[in-house]
Amino acid sequence: MTHERRSRIVWALCVASAALAVDLSAQTLELRWGGDAEGGAPFVEADANDPSRVVGFEVDIATMLAEGLGRTPRFIQTGFTTIDASVARGDFDIGLSGIEDSYARRTRLAVTVPYYRFREILTVRAADATRLRTLADLRGRRVATLAATLAFELLTAAEKEHGLTVVPYEDDVHPYTDLAIGRVDAVLLDEVLAERGVRHHPGLTNQPTSVGVGYYVGILAPENTALRGRIDEILKQAMRDGRLEAIFRRWMMWNDDQRDLYARVTADESGRAPQPQTGGASDLSVWGATRRYLPSLLTATVITLVLSVLSMVLAILVGMLIASGRVYGPAPVKALLTGWVELIRGTPLLLQLFVIYYGLATVVQLPAFLAALIGLGLNYGAYESEIYRSALESVPSGQLDAARTLGFTDRQTLMLIRGPQALRLALAPMTNDFVALLKDSSLVSLITVVELTKQTTIFASNIGSWFVPGLVCAALYLALSLPVSHLARRLEKTWRRT
Amino acid sequence: MSVLAVRDLEVRRGLRHVVRGVSVDVSRGEIVAVMGASGTGKTSVLRAVAGIDPIAAGTVAIDGLQLSAGPLPRGETLRQLHRRVGMVFQFHHLFEHLTALHNVWLALVHVQRQPQADAEKKARALLEHLGVGDRADAMPRELSGGEAQRVAIARALAVGPPLLLMDEPTASLDPARRGELAATLRQLASEGRTLVVATHDEEFARVCAHRVLIMEEGRVAR
Numbered sequence: 010m011t012h013e014r015r016s017r018i019v020w021a022l023c024v025a026s027a028a029l030a031v032d033l034s035a036q037t038l039e040l041r042w043g044g045d046a047e048g049g050a051p052f053v054e055a056d057a058n059d060p061s062r063v064v065g066f067e068v069d070i071a072t073m074l075a076e077g078l079g080r081t082p083r084f085i086q087t088g089f090t091t092i093d094a095s096v097a098r099g100d101f102d103i104g105l106s107g108i109e110d111s112y113a114r115r116t117r118l119a120v121t122v123p124y125y126r127f128r129e130i131l132t133v134r135a136a137d138a139t140r141l142r143t144l145a146d147l148r149g150r151r152v153a154t155l156a157a158t159l160a161f162e163l164l165t166a167a168e169k170e171h172g173l174t175v176v177p178y179e180d181d182v183h184p185y186t187d188l189a190i191g192r193v194d195a196v197l198l199d200e201v202l203a204e205r206g207v208r209h210h211p212g213l214t215n216q217p218t219s220v221g222v223g224y225y226v227g228i229l230a231p232e233n234t235a236l237r238g239r240i241d242e243i244l245k246q247a248m249r250d251g252r253l254e255a256i257f258r259r260w261m262m263w264n265d266d267q268r269d270l271y272a273r274v275t276a277d278e279s280g281r282a283p284q285p286q287t288g289g290a291s292d293l294s295v296w297g298a299t300r301r302y303l304p305s306l307l308t309a310t311v312i313t314l315v316l317s318v319l320s321m322v323l324a325i326l327v328g329m330l331i332a333s334g335r336v337y338g339p340a341p342v343k344a345l346l347t348g349w350v351e352l353i354r355g356t357p358l359l360l361q362l363f364v365i366y367y368g369l370a371t372v373v374q375l376p377a378f379l380a381a382l383i384g385l386g387l388n389y390g391a392y393e394s395e396i397y398r399s400a401l402e403s404v405p406s407g408q409l410d411a412a413r414t415l416g417f418t419d420r421q422t423l424m425l426i427r428g429p430q431a432l433r434l435a436l437a438p439m440t441n442d443f444v445a446l447l448k449d450s451s452l453v454s455l456i457t458v459v460e461l462t463k464q465t466t467i468f469a470s471n472i473g474s475w476f477v478p479g480l481v482c483a484a485l486y487l488a489l490s491l492p493v494s495h496l497a498r499r500l501e502k503t504w505r506r507t
Numbered sequence: 002m003s004v005l006a007v008r009d010l011e012v013r014r015g016l017r018h019v020v021r022g023v024s025v026d027v028s029r030g031e032i033v034a035v036m037g038a039s040g041t042g043k044t045s046v047l048r049a050v051a052g053i054d055p056i057a058a059g060t061v062a063i064d065g066l067q068l069s070a071g072p073l074p075r076g077e078t079l080r081q082l083h084r085r086v087g088m089v090f091q092f093h094h095l096f097e098h099l100t101a102l103h104n105v106w107l108a109l110v111h112v113q114r115q116p117q118a119d120a121e122k123k124a125r126a127l128l129e130h131l132g133v134g135d136r137a138d139a140m141p142r143e144l145s146g147g148e149a150q151r152v153a154i155a156r157a158l159a160v161g162p163p164l165l166l167m168d169e170p171t172a173s174l175d176p177a178r179r180g181e182l183a184a185t186l187r188q189l190a191s192e193g194r195t196l197v198v199a200t201h202d203e204e205f206a207r208v209c210a211h212r213v214l215i216m217e218e219g220r221v222a223r
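Protein chains in written order, with our numbering: chain C, 10 to 507; chain A, 2 to 223.
Since the hints were made in silico from the structure, they are not lab data. Check each hint, because a few of them may be wrong.
Said to hold, decoys possible - Only part of the chain A face toward chain C is listed, based on derived beta-carbon distances under 10 Å:
| # | residue |
| --- | --- |
| 1 | ALA51 |
| 2 | ILE53 |
| 3 | ARG84 |
| 4 | PHE92 |
| 5 | GLN113 |
| 6 | ARG156 |
We put the beta carbon where it would ideally sit given N, CA and C, even for glycine.
Excised from the complex, chain C in its bound form (with noise of 0.2 Å):
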């Protein structure tokens, strides 16, 4: 390439570069705006229409928003239980999906004012009403909820004074259905999702009494308070007008508690009132939380060893069984083994959880650890049928030959001679296996287990960072996997040395 064609390139990209900055400061005309589509109705879910396009209360809060900062509204999605983390980092101006208001974000967050006051409703199967209509009267019984909020930390000071279990999940919807086919005895949620709850399955009643309040706010970065000084007057303009009230009565939210909070958010000049409910961790020092949840991170990590150990003996026993049926089968047998094999390799560990767990629950319900010990020992044992597969056969040929001569069956050579050698060459990869077992492990939080990872989320979510819930997470898989990497490595040394 000539040094004038170089030039030339060089221009033309730093022409191309300033043309996207243009560009990027144009988006500063945008209000983007984050929440979890997944979440659903009445709050964001995708039109069914068109499925590229946003619904919900929400939405028309943050067009209503947009439009009186004067700018365009533009949806980003992003998981619930990283909304704080991601408008922190710059993601998007305001966070805005039926977000709690909390001690936590008030200190880390820019808050806006309260828009919307909820209460948490428990829904029973209506065979129960009459029994189960308060916290007290679910003592050994298990209660679902949506991990990080309000709920959960209420359940979760219920649970040391109940003896009740909280069953934290990943979404709104499943805690229902769960409820209607008994997987759980009652969920504890805000009404909004109490009535919806009660709508689709018909089985399920709430109980009139509440157990706390809320209130839903929008977030935003803690240095973007003057942004969240216009936001605040537009809300406090949209109380005043009825706008929020036509709103929430299209959503068909609207109620008398509306009106009080309106009424009490318009009259207070500092416009921070009310103050949020609270009774978790929320309201305590970092290093408070984090003495706090110590003995839910320590159990959370026996869970984690005790799910892995588990599984991985499920994945050996599988591992084996397929390797010496792929090794020894007839063809019909290898041809179905491998079928399996690359089934369950070419699918997600998250698809293969969720079908055990929610997919089979019409035919068999499955434990949440039992489903979790269950996908993750059939995914891995795919993966350790392989390794064991070409250990066995990178045994030489001439030892089997050898072996044949002397008298021994096939079934002897394998437990005599073939496997032992195998063993040792599957070593290694077995311990990188489990290794990444542990970590994988994780993923059933998905499933309503609440393993390590499942804990450190809840913790991070509600002291409102990721640093120090991060750093003892890492160190707790750290405490579990070193040992495991170390004793291979003994192993090792003392099969090479014999």
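Knowing the structure of chain C, use the given hints to seat chain A on it.
What follows is chain A alone, placed relative to chain C:
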């Protein structure tokens, strides 16, 4: 009376005929050397007799047990066969994860169901007899070629087969060791064992064998 009677043996490797119509009789206590260039079918004859490769045509009778064309022997036939035939491979094929001693007693315990203490004693005596008693606790990869050769012979002899097949037994031995091996085989023959030895080594064949067969292109030439 012949311990081994091979009639019109044919062996195929894929579509290729590697053994075409070999017939031979070997008597008890006899050492027969099978010679010939590489690829003339010496090893294939041994493998077919040992029941490792299938027979394409013809028959093999060992001490009254008849093998014929078809799939590899299984079940009772296989058990009968291994009571009659042992084989020592060119590359020894010792079990890499077991000591020399363990290689020798493994089949005694698991195939012949002898008590382990007896089996170990017998294995140690065999290794002593073959001059590698001091290497009993060594792993296969710690053995020299000659030592591995003798451990492999001990392993084949341990189960006590009347017929012993050996494939290129001198390949990894120096001349002094070849002389020792020839003496060992002569002694085994004098004890009533029958040996068929495939070899390139004319000197060894001349010193050791009672009879030499020359193979060419899958046939016995003389």
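Going through the hints against the structure:
1. ALA51: holds, 5 Å
2. ILE53: holds, 5 Å
3. ARG84: holds, 7 Å
4. PHE92: holds, 6 Å
5. GLN113: holds, 8 Å
6. ARG156: holds, 7 Å
In this structure, every one of the numbered hints holds.
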